[in-house]
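J.: Take the sequences, apply the hints, and build the full model.
Here the sequence shown stands for residues 1 to 158, where the numbers follow UniProt numbering.
A couple of the hints might just be wrong.
Simulated crosslink set (DMTMM-like; lysine to aspartate or glutamate; CA at most 20 Å straight-line) [what the hints assert, rightly or not]: (1) Lys96 to Glu119; (2) Lys96 to Glu73; (3) Lys62 to Asp79; (4) Lys96 to Glu3; (5) Lys62 to Glu88; (6) Lys96 to Glu46; (7) Lys96 to Glu118; (8) Lys62 to Asp28; (9) Lys51 to Asp63; (10) Lys96 to Asp79; (11) Lys62 to Glu73.
Listed next, with one range per pair, are the computed distances between beta-carbon atoms [what the hints assert, rightly or not]: (12) Thr66 to Glu3: 21 to 29 Å; (13) Ala53 to Ser123: 39 to 47 Å; (14) Leu68 to Ser98: 28 to 36 Å; (15) Leu127 to Arg54: 33 to 41 Å.
No wet-lab data here; the hints were simulated from the structure. Ideal Cβ positions, reconstructed from N, Cα and C, are used throughout, including at glycine.
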Amino acid sequence: MSEMRVVGVRVELPANQPILLLRETSGDRYLPIWIGSVEATAIALEQQGVKPARPLTHDLLKDVITALGRRLEQVRITDLQEGTFYAELIFDGGIKVSARPSDSVALALRVGVPIHAEESVLSEAGLIIPDEQEDEVEKFREFLDSVSPEDFRGAQPG
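T.: What follows is the structure in structure tokens.
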């Protein structure tokens, strides 16, 4: 299992589909995951440090976990079946809850816990970007710096 970090979210054209990009913290593989527009907005807002006037769903879930006296310890991207990624929320006491990776990552960013991906998922869907394409990663980062939540409105998950 590899620890991952969130590179960011972008909108894939021409389909106008948001994509979450993760990268191994101690490796060269990237993991692209197509996600819904609501989750893309939630991830982008948290990465940009934007605090909404009222809690969004992932903020509410964080508050509920705390109110119930539980602690989220990590998020795991566990499987890929027929193009669909699966994840688990791992709580104190070994409690596991199945979740979508997009919701899991949005929550992990808010709580500040590590994100891991199973080796089988990285073997199947991970991408290595050669050195000559590193400028593409930099362009992606520049895009993330310029993106706003409005850019994600109207996209339908596939």
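J.: Against this structure, judge whether each hint is valid.
T.: A quick look at each hint next to the structure:
1. Note on lysine 96 and glutamate 119: the hinted pairing holds, with a Cα-Cα distance of about 19 Å set against a maximum of 20 Å.
2. This hinted pair checks out: lysine 96 and glutamate 73 have alpha carbons roughly 10 Å apart, not beyond 20 Å.
3. For the proposed pair lysine 62 and aspartate 79, the alpha carbon gap of about 24 Å is over 20 Å, so the pair is violated.
4. Note on lysine 96 and glutamate 3: the hinted pairing holds, with a Cα-Cα distance of about 18 Å set against a maximum of 20 Å.
5. Proposed proximity of lysine 62 and glutamate 88 is supported: the alpha carbons are some 15 Å apart, at most 20 Å.
6. For the hint pairing lysine 96 with glutamate 46, the CA-to-CA distance comes to about 24 Å; that exceeds 20 Å, so the pair is violated.
7. Of the supplied pair hints, the one linking lysine 96 and glutamate 118 holds, its CA atoms being roughly 15 Å apart against a limit of 20 Å.
8. Of the pairs offered as hints, the one joining lysine 62 and aspartate 28 is violated, with about 31 Å between alpha carbons and a cut-off of 20 Å exceeded.
9. For the hint pairing lysine 51 with aspartate 63, the CA-to-CA distance comes to about 14 Å; that is within 20 Å, so the pair holds.
10. As the CA atoms of lysine 96 and aspartate 79 are separated by approximately 14 Å, the hinted pair is consistent with the 20 Å bound.
11. Between lysine 62 and glutamate 73 the CA atoms are separated by roughly 12 Å; this keeps the pair inside 20 Å, and the hint holds.
12. The hint said 21 to 29 Å for the Cβ distance between threonine 66 and glutamate 3, and at roughly 24 Å that hint holds.
13. Our hint of 39 to 47 Å for alanine 53 and serine 123 holds, since their Cβ atoms are close to 43 Å apart.
14. Between leucine 68 and serine 98, the C-beta spacing of about 18 Å breaks the proposed range 28 to 36 Å.
15. For the hinted restraint 33 to 41 Å between leucine 127 and arginine 54, the CB-CB distance of approximately 37 Å keeps it satisfied.
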